[in-house]
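Protein chains: 2
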Amino acid sequence: MNTAEIIHGLAANARAAAAKMRAFSTEKKNEALFAIADALESMKPQIIAANAEDVAAGLANGLSAALVDRLTLTDARFKSMVDGVRHVATLPDPVGEQIWERDRPSGIHIRKVRQPFGVIAVVFESRPNVFVDTAALCLKTSNAVILRGGNEAFKSNQALNAAVRAGLEKSGLPMDAVQMVETTDHAGVTELVRSVGLIDVAIPRGGERLIRAMCEAALIPVLKHYNGICHVYVDDKADLGMALSILDNAKTQRPGTCNAAECLLVHEKLAPMFLPMVKAWAADKGVALHDDGVGVEYLSMDLNIATVKGVEDAIEFINEHGSHHSDCIVTSDKERADLFLRDVDSAAVYWNASTRFTDGAEFGMGAEIGISTDKLHARGPMGLEELTTYKYTVTGDGVIRG
Amino acid sequence: MNTAEIIHGLAANARAAAAKMRAFSTEKKNEALFAIADALESMKPQIIAANAEDVAAGLANGLSAALVDRLTLTDARFKSMVDGVRHVATLPDPVGEQIWERDRPSGIHIRKVRQPFGVIAVVFESRPNVFVDTAALCLKTSNAVILRGGNEAFKSNQALNAAVRAGLEKSGLPMDAVQMVETTDHAGVTELVRSVGLIDVAIPRGGERLIRAMCEAALIPVLKHYNGICHVYVDDKADLGMALSILDNAKTQRPGTCNAAECLLVHEKLAPMFLPMVKAWAADKGVALHDDGVGVEYLSMDLNIATVKGVEDAIEFINEHGSHHSDCIVTSDKERADLFLRDVDSAAVYWNASTRFTDGAEFGMGAEIGISTDKLHARGPMGLEELTTYKYTVTGDGVIRG
Numbered sequence: 099m100n101t102a103e104i105i106h107g108l109a110a111n112a113r114a115a116a117a118k119m120r121a122f123s124t125e126k127k128n129e130a131l132f133a134i135a136d137a138l139e140s141m142k143p144q145i146i147a148a149n150a151e152d153v154a155a156g157l158a159n160g161l162s163a164a165l166v167d168r169l170t171l172t173d174a175r176f177k178s179m180v181d182g183v184r185h186v187a188t189l190p191d192p193v194g195e196q197i198w199e200r201d202r203p204s205g206i207h208i209r210k211v212r213q214p215f216g217v218i219a220v221v222f223e224s225r226p227n228v229f230v231d232t233a234a235l236c237l238k239t240s241n242a243v244i245l246r247g248g249n250e251a252f253k254s255n256q257a258l259n260a261a262v263r264a265g266l267e268k269s270g271l272p273m274d275a276v277q278m279v280e281t282t283d284h285a286g287v288t289e290l291v292r293s294v295g296l297i298d299v300a301i302p303r304g305g306e307r308l309i310r311a312m313c314e315a316a317l318i319p320v321l322k323h324y325n326g327i328c329h330v331y332v333d334d335k336a337d338l339g340m341a342l343s344i345l346d347n348a349k350t351q352r353p354g355t356c357n358a359a360e361c362l363l364v365h366e367k368l369a370p371m372f373l374p375m376v377k378a379w380a381a382d383k384g385v386a387l388h389d390d391g392v393g394v395e396y397l398s399m400d401l402n403i404a405t406v407k408g409v410e411d412a413i414e415f416i417n418e419h420g421s422h423h424s425d426c427i428v429t430s431d432k433e434r435a436d437l438f439l440r441d442v443d444s445a446a447v448y449w450n451a452s453t454r455f456t457d458g459a460e461f462g463m464g465a466e467i468g469i470s471t472d473k474l475h476a477r478g479p480m481g482l483e484e485l486t487t488y489k490y491t492v493t494g495d496g497v498i499r500g
Numbered sequence: 099m100n101t102a103e104i105i106h107g108l109a110a111n112a113r114a115a116a117a118k119m120r121a122f123s124t125e126k127k128n129e130a131l132f133a134i135a136d137a138l139e140s141m142k143p144q145i146i147a148a149n150a151e152d153v154a155a156g157l158a159n160g161l162s163a164a165l166v167d168r169l170t171l172t173d174a175r176f177k178s179m180v181d182g183v184r185h186v187a188t189l190p191d192p193v194g195e196q197i198w199e200r201d202r203p204s205g206i207h208i209r210k211v212r213q214p215f216g217v218i219a220v221v222f223e224s225r226p227n228v229f230v231d232t233a234a235l236c237l238k239t240s241n242a243v244i245l246r247g248g249n250e251a252f253k254s255n256q257a258l259n260a261a262v263r264a265g266l267e268k269s270g271l272p273m274d275a276v277q278m279v280e281t282t283d284h285a286g287v288t289e290l291v292r293s294v295g296l297i298d299v300a301i302p303r304g305g306e307r308l309i310r311a312m313c314e315a316a317l318i319p320v321l322k323h324y325n326g327i328c329h330v331y332v333d334d335k336a337d338l339g340m341a342l343s344i345l346d347n348a349k350t351q352r353p354g355t356c357n358a359a360e361c362l363l364v365h366e367k368l369a370p371m372f373l374p375m376v377k378a379w380a381a382d383k384g385v386a387l388h389d390d391g392v393g394v395e396y397l398s399m400d401l402n403i404a405t406v407k408g409v410e411d412a413i414e415f416i417n418e419h420g421s422h423h424s425d426c427i428v429t430s431d432k433e434r435a436d437l438f439l440r441d442v443d444s445a446a447v448y449w450n451a452s453t454r455f456t457d458g459a460e461f462g463m464g465a466e467i468g469i470s471t472d473k474l475h476a477r478g479p480m481g482l483e484e485l486t487t488y489k490y491t492v493t494g495d496g497v498i499r500g
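Residue numbers (the working numbering), protein chains in the order written: chain A, 99 to 500; chain B, 99 to 500.
Here chain A stands alone, though its shape is the one from the complex (with noise of 0.2 Å):
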């Protein structure tokens, strides 16, 4: 077979499992996640096993040190990864949640429900706990999801899916409804994201690139998160402790997350008092600062700045130049706050608190399965609901249209 004749043979088996997924209720799907859960801790030692295969071989293959740390399964991450499975598990299912209903004068009677989008690909890298996430995120909203992991953790990914297809067994779900896209070369990527009519959405959980080449392949929707340029605009009538405060969460607290700052915007009427607090601040954190990072995502402790007239400049510079993810205002201001809520053209806009909030645990959602810079369907981080569509049904008395 070749990898078009594979892709769509896992995507015509992901439809058929997605259609029987319907009729499983949030309880029987909750102990699919447990028996899930199970297998992962009592197949523990081939997944290990597995995994330093992965690690040794990246070694061998000169990979970097921080891709070799993100490959390897420690036990802590592996203990996380399994926590995180029964933590879905806890979690309100979306699917069948009326979303409103309205008797019509026609003698219609409609209900907005949410539904299972169905078959959704997701293409991540290296990471191989993002596997078991996903694919327990997959389950819980009744959607069948075919994954397709970095090449350098082919082996681990391989015996997660053993672990996850043998709780699905266990526990009568269709083991069809999680599957492993195990051909290596690029072309099942292009394959998925063009398999029309078999799968409903692509998430790529990865970098620009990636993101980049499946959009342009794509004839599937795609749901992204491209980057992260966030912004922390300080007012001239910001309280300078504050200000400094959320810089320093934002920026440094996990200088490599898409939600960090990488461009400070000082009201030039402050810059002359508060650029020397910002350059004391760098040097004690080991901040670097520069002036020619405009639209730069560094995720290090890297840190533009720039001055601006005010708050509306703020909002045109952010605008042109940022990524449309998290952004910031410190100001005492309302009306200046209020207008760079409302302009700044972002997923999550910040008065007077850290950019670094944009998350799903953070924002109340429980599980995250990304943060979509994209407008359609999702904006901002995305939850169980995100991985929903909906339908209208729609009942009455053998009522026609007049």
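All the pointers check out, no bait thrown in.
All copies of an identical chain are treated as equivalent in the list; a pair is satisfied when it fits inside any one copy or across any two copies.
Once the Cα atoms are required to be at most 27 Å apart in a straight line, the calculated BS3-like pairs of lysine-lysine come out as:
(1) Lys-126 to Lys-432
(2) Lys-177 to Lys-268
(3) Lys-407 to Lys-118
I should point out that these hints are in silico values taken from the structure, not numbers from a laboratory.
Assemble chain B onto chain A, guided by the hints.
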């Protein structure tokens, strides 16, 4: 300027207009809609003259009678188009509407608020009133729109564009909130759907060929409506009078619409009794019956018939051969109806009611920009709400992530 430069220029103008649109209140937007309606009325002679030129050219070029009819702006259609603009002004404004708000233990307060997309591109065919309908819906939702109509309606659209922009100018809204693509080559459409970062979403309002071409080229999201292959399944526990009445309405009330039935499924036990009734009805109404039209969208007085073993078989048939648009079960058995409503994977699923109700006005949305057969973002009729995205506004008193 080549086509790419022209489209890029339009998109940049639209982006700037979209940023300005955020500042206008509902009242101000409604004022602009009324000004547009007035401008259309005062410029009616020029519009009708331009339309007459298009019609004459169409006749000279051998356009089909059906297309010439769709192209023609009669007095009644002109009035209905202008009334439509004033009607949109009376509808509730979704922009700024709060979807939910919550306080989090961290100390942040989150609001999820509806927002305009920004810039929408709409590509449509033949009927010039679509230009005005679409502009009104996009303006009401604070979006800027770029419209690309069919070449056969080029002069009509130019005249309508002039009137709409005159209305915008008079009311102080940015004129570039509505722009028309005045290049006639297909490359213009391709450039539109590849304008990442400038155009947020593309909406085709036309045939399947147009939609497929746009999806193939697209790098931006496309909200689309492929086709309507709708089914009526008559269960052996159906009231036969009701079944025939629903079938008649779904097939014959307006056979050219996407929510008209194309296929009748009959429970095999019922077939000996019901099919003769169907044949008599078809003969009476002039409906041609087929048994080889599985998956065909007739849009005419033709109907395919198949027998099925029961509700499960009907569900499988519909999910495989339908277009996930609107499908109906006629039965007095609640259990079977519930199964049908749950498992048929369509935008609208009916129990004892005609599929013809799938329509923005019938669903109480006030207006409709189309019916989505997608599952992402919008499914089924798309009204004003479906022309918006959302953002999270997060406020705190200097709170940082721990």
